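**Q** Residue strings, one per chain:
Protein chains: 2
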Amino acid sequence: MDTSVKLKPIGIIHTPYRELEGIPIQSRFGEKSRGHIELFPEYRDGLKDVEGFSHLILIYHFNREKGVRLVGRPFLEDQSHGVFAMRSPKRPNPIGFSIVKLEKVDDTGITFSEVDMLDGTPLLDIKPYVSYFDSRRDVINGWIEKHFQDGKKPEQTNLES
Amino acid sequence: MDTSVKLKPIGIIHTPYRELEGIPIQSRFGEKSRGHIELFPEYRDGLKDVEGFSHLILIYHFNREKGVRLVGRPFLEDQSHGVFAMRSPKRPNPIGFSIVKLEKVDDTGITFSEVDMLDGTPLLDIKPYVSYFDSRRDVINGWIEKHFQDGKKPEQTNLES
Chain A
33 MDTSVKLKPI GIIHTPYREL EGIPIQSRFG EKSRGHIELF PEYRDGLKDV
83 EGFSHLILIY HFNREKGVRL VGRPFLEDQS HGVFAMRSPK RPNPIGFSIV
133 KLEKVDDTGI TFSEVDMLDG TPLLDIKPYV SYFDSRRDVI NGWIEKHFQD
183 GKKPEQTNLE S
Chain B
33 MDTSVKLKPI GIIHTPYREL EGIPIQSRFG EKSRGHIELF PEYRDGLKDV
83 EGFSHLILIY HFNREKGVRL VGRPFLEDQS HGVFAMRSPK RPNPIGFSIV
133 KLEKVDDTGI TFSEVDMLDG TPLLDIKPYV SYFDSRRDVI NGWIEKHFQD
183 GKKPEQTNLE S
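First to last, the protein sequences are chains A and B. Last residue of the first sequence: number 193 in the working numbering, and the count goes up by one each step with no gaps. Last residue of the second sequence: number 193 in the working numbering, and the count goes up by one each step with no gaps.
Okay, chain A solo, but in the shape it has when bound:
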């Protein structure tokens, strides 16, 4: 039985990042950058009332990522971790997930800030970010905790060459 799941891009994400060099490691570190979702015309009716939300969840295809690494070293440290304990793009299914700030909905799509994806990334879904569902408290952040606790921020929050 073929259990594979076939998805089709609903749009293209345009961003200032043509290459991985300099790209923020997470959307939170891309505050100042702007991106634009070009939503394909057949999906634009689905934008109704999106402008009421301040944040959106984008689900997209890491289309330039070919490899899978089940255990590897993340950007932030030299210890290795399992892929399901990391946000690395080298995943069994190359699906990216970012929370971004909505700036403006227009006829062709959405302008947003807090950008951490490559220019030309195929978009698979947009969902509204809902604080009552998605903003959790009493979270324990595993190996990532030590890099951020007490208001600390990693020295490098953008990929180096």
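Incorrect hints may appear among the rest.
A pair counts as met if it fits within one copy or between any two copies, since identical chains are not told apart.
[As the list claims (entries may be wrong)] Taking lysine-lysine and the PhoX-like style, the derived pairs with C-alpha atoms no more than 20 Å apart in a straight line are:
(1) K178 <-> K64
(2) K80 <-> K184
(3) K136 <-> K80
(4) K98 <-> K40
(5) K80 <-> K178
(6) K98 <-> K122
(7) K98 <-> K38
(8) K64 <-> K80
(9) K122 <-> K80
(10) K64 <-> K185
It should be emphasised that the hints constitute simulated quantities derived from the structure, not laboratory data. All values reported here derive from a predicted model rather than from experimental measurement.
Could you slot chain B onto chain A? The hints should help.
**A** Chain B alone, transformed into the frame defined by chain A:
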């Protein structure tokens, strides 16, 4: 050019919900239920250090959902909204997203609570929920706000028949 994205399930999510009736509308309302991710053996190395996180992001296939509704009425009210302003499963790409609470990692996968998916759901990805990236403040929740503000909770948080 074929731009479609072909994904393969990495496991199966087992839950107490065989049918949509009674299922929580969001994982936050499924506090007491338990689910189990049966991760296929070839991916289990990727579980290393997952147990350090309290919450996980699950991305999965709404495999029993056939239709797409670009504009429709959500469960919570009679007004209609665009699909990208809702968490409805009737999406152009039937991708589900839930934040769940990790209970235990074992040899076969992960036991979790806060369950809102059907039994037998094909799993596509697991990512660690990281409060520093994912828990946003100053969020405006569009049309959903009025159903939750001032600590309110909708009367119905589970699907009715």
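**Q** Evaluate each hint against the coordinates.
**A** Evaluation of the provided hints:
For a Cα distance limit of 20 Å, the shortest separation of K178 from K64 qualifies neither inside one copy, at 25 Å, nor across copies, at 30 Å. In this assembly of identical chains, the alpha carbons of K80 and K184 never lie at most 20 Å apart, being 39 Å within a copy and 25 Å across copies at closest. In this assembly of identical chains, the alpha carbons of K136 and K80 lie at most 20 Å apart only when taken from the same copy (13 Å versus 40 Å across copies). When the C-alpha separation of K98 and K40 is checked against a cutoff of 20 Å, the pair qualifies both within a copy, at 18 Å, and between copies, at 15 Å.
Taking the shortest Cα distances, K80 and K178 sit within 20 Å of each other only across copies (18 Å), while inside one copy they are farther apart (41 Å). Taking CA atoms no more than 20 Å apart as the test, K98 paired with K122 passes inside one copy only; the shortest distance there is 7 Å, against 30 Å between copies. In the homo-oligomer, the alpha carbons of K98 and K38 lie at most 20 Å apart both inside one protomer (17 Å) and across protomers (13 Å), since each shortest distance falls under that limit. In this assembly of identical chains, K64 and K80 lie within 20 Å of each other by CA distance neither inside one copy nor across copies; the values are 26 Å within and 34 Å between.
Proximity of K122 and K80 under a CA criterion of 20 Å is satisfied inter-copy only: 15 Å between copies versus 34 Å inside one chain copy. In the homo-oligomer, the alpha carbons of K64 and K185 lie at most 20 Å apart inside one protomer (17 Å), although the nearest pairing across protomers, at 35 Å, exceeds that limit.
Checked against the numbered hints above, the structure violates hints 1, 2, 8; every other hint is satisfied.
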